[in-house]
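Chains A and B, in that order, are what the protein sequence lines are.
Read left to right, the first sequence gives residues 1 to 235 (our numbering).
Read left to right, the second sequence gives residues 1 to 235 (our numbering).
Please keep in mind that the hints were generated in silico from the structure rather than gathered at the bench.
Incorrect hints may have been included.
Identical chains blur together in the list; that is why a pair holds if it fits in one copy or across any two.
Unchecked claim - Straight-line distance between alpha carbons at most 20 Å, and here's what the computed SDA-like set of lysine to any residue pairs gives:
#1 Lys114 with His142
#2 Lys153 with Leu67
#3 Lys114 with Val30
#4 Lys114 with Asn31
Quick caveat: nothing in here was measured; it's all calculated off a predicted structure.
There are 2 protein chains.
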Amino acid sequence: MNLLLLRADEISDQGEALLTDRRHQHLHQVNRVQRGDRLRAGLLNGLQGEAEVIEHRPDLTRVRVELDRASPAPLPLRLLLALPRPRMLARSLEHVAALGVKDIHLLHTARVEKSFWQSPELKPEKIHHHLLLGLEQARDTHLPQVHLETRFKPFVEDQLPALSQGSLRLVAHPGPYAACPRGLTEPVTLAIGPEGGFVDYEIDQLVAAGFTPVQLGERILRVETAVTALLARLF
Amino acid sequence: MNLLLLRADEISDQGEALLTDRRHQHLHQVNRVQRGDRLRAGLLNGLQGEAEVIEHRPDLTRVRVELDRASPAPLPLRLLLALPRPRMLARSLEHVAALGVKDIHLLHTARVEKSFWQSPELKPEKIHHHLLLGLEQARDTHLPQVHLETRFKPFVEDQLPALSQGSLRLVAHPGPYAACPRGLTEPVTLAIGPEGGFVDYEIDQLVAAGFTPVQLGERILRVETAVTALLARLF
């Protein structure tokens with residue numbers, strides 16, 4: 001936990017917060033904080049700065065915060081990610097949140113198993129938890145938005161053109177395509193397929209919506225590796 | 001399993017191989033192969049091509065292979081990686097093998113917990129297993145070499161200068177350094193620190209050995225994310 005993330009409703013008018021949950025446990029057992037310790041803290045969706053531990057007991061930690069700094073800049077990226085299998089979803093959300101993506105659309109495609117949509121990992125509180133872990137890791141405070149797009153065709157035909165307007169539209173797909181570009185500064189909408197890739201029809205639909213296929217080389221990467229590799233290369 | 005990897009001693013003069021282990025289980029339960037199916041196969045440290053299933057029963061799979069193609073080019077990278085905590089080591093080895101790194105030095109540093117070196121994950125058969133998973137994922141046949149460097153100073157002073165000769169020497173480290181370069185084609189030796197980073201003394205030692213510190217931005221990434229991001233950006 002590189003950042004202690006607090007919600008606005010947890011901070012008193014005196015700038016104090018009382019912690020008894022996972023964050024307290026972490027400060028107690030891993031960081032082994034003591035009264036007087038100072039650590040990096042942030043307000044969810046707000047500024048960051050420092051927290052001073054003003055009380056610490058086995059059952060609670062109380063901190064006083066001073067927040068005066070902006071968080072790292074977000075990536076100028078909208079991510080369309082074919083819904084990964086549940087255990088990979090959790091890790092992918094953490095990676096993506098840590099890397100600074102703020103708008104994530106989890107997408108149904110032909111090669112996404114229908115059962116994945118029933119996974120408990122898709123419960124809002126689970127998604128929220130994994131996003132928080134990513135933000136804490138990267139010292140960011142701004143929570144990404146996650147949207148569930150359970151129908152490919154209506155989403156790509158009816159919503160995606162407006163959603164991706166004004167951005168460079170890319171779909172990562174193995175094949176005889178241009179290499180993924182590097183070091184961009186413009187906004188990008190990036191679509192990443194499931195294990196096994198998009199089917200031809202889906203690529204055609206994305207191309208019709210203005211997307212250009214790009215590739216990362218002949219190695220087949222796990223979804224979580226591919227997402228990180230693509231983002232690191234694009235920006 | 002995107003590639004069925006076989007050892008030379010498993011392939012008969014007729015080009016046949018009998019599988020009863022993890023690979024058979026995977027072909028049986030996940031791929032659900034049948035007689036006549038063709039799949040991508042490779043010889044460990046050799047060529048790749050196709051395997052045809054010539055016999056399939058619940059307890060065994062027999063294939064005939066034809067190998068005629070080279071594997072993807074390796075990354076021109078030597079990786080010095082501070083030994084990650086055990087559960088992250090396994091994943092990092094898979095990522096790194098999938099990305100095409102062929103020479104990996106796991107390194108002791110001040111912030112590596114000594115207990116990590118006692119982990120069962122460091123047994124040769126465990127390391128081998130995770131490297132194979134990475135190769136199978138990426139459709140590569142060439143096994144990386146993994147070296148355990150348990151003493152930082154003698155390694156950096158006595159071995160590293162010769163080992164890294166003729167390569168661009170980089171150490172990834174947060175701070176006021178140049179941004180990590182992009183799209184290189186030359187050989188690189190890249191050092192990546194542990195959680196919490198290298199200590200100043202270690203950076204000084206690496207600089208004395210010809211290494212230049214470079215940074216990836218202000219976000220703090222998990223080791224496995226940082227490794228993938230650095231490799232994707234460098235090459």
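What label fits Lys114 with Val30 when the C-alpha limit is 20 Å: within, between, both, or neither?
between (39 Å within a copy, 17 Å between copies)
If the cutoff is 20 Å on CA atoms, where do Lys153 and Leu67 land: within, between, both or neither? Let me know, please.
neither (44 Å within a copy, 40 Å between copies)
If the cut is 20 Å between Cα atoms, do Lys114 and Asn31 qualify within a copy, between copies, both or neither?
So Lys114 and Asn31 pass the 20 Å test across copies only (18 Å; inside, 41 Å).
Measure nothing new, just compare the shortest in-copy and cross-copy C-alpha distances for Lys114 and His142 to 20 Å and report within, between, both or neither.
The answer is neither: 31 Å in one copy and 36 Å across copies each exceed 20 Å.
Of the numbered hints stated above, those contradicted by the structure are hints 1, 2, listed in ascending order.
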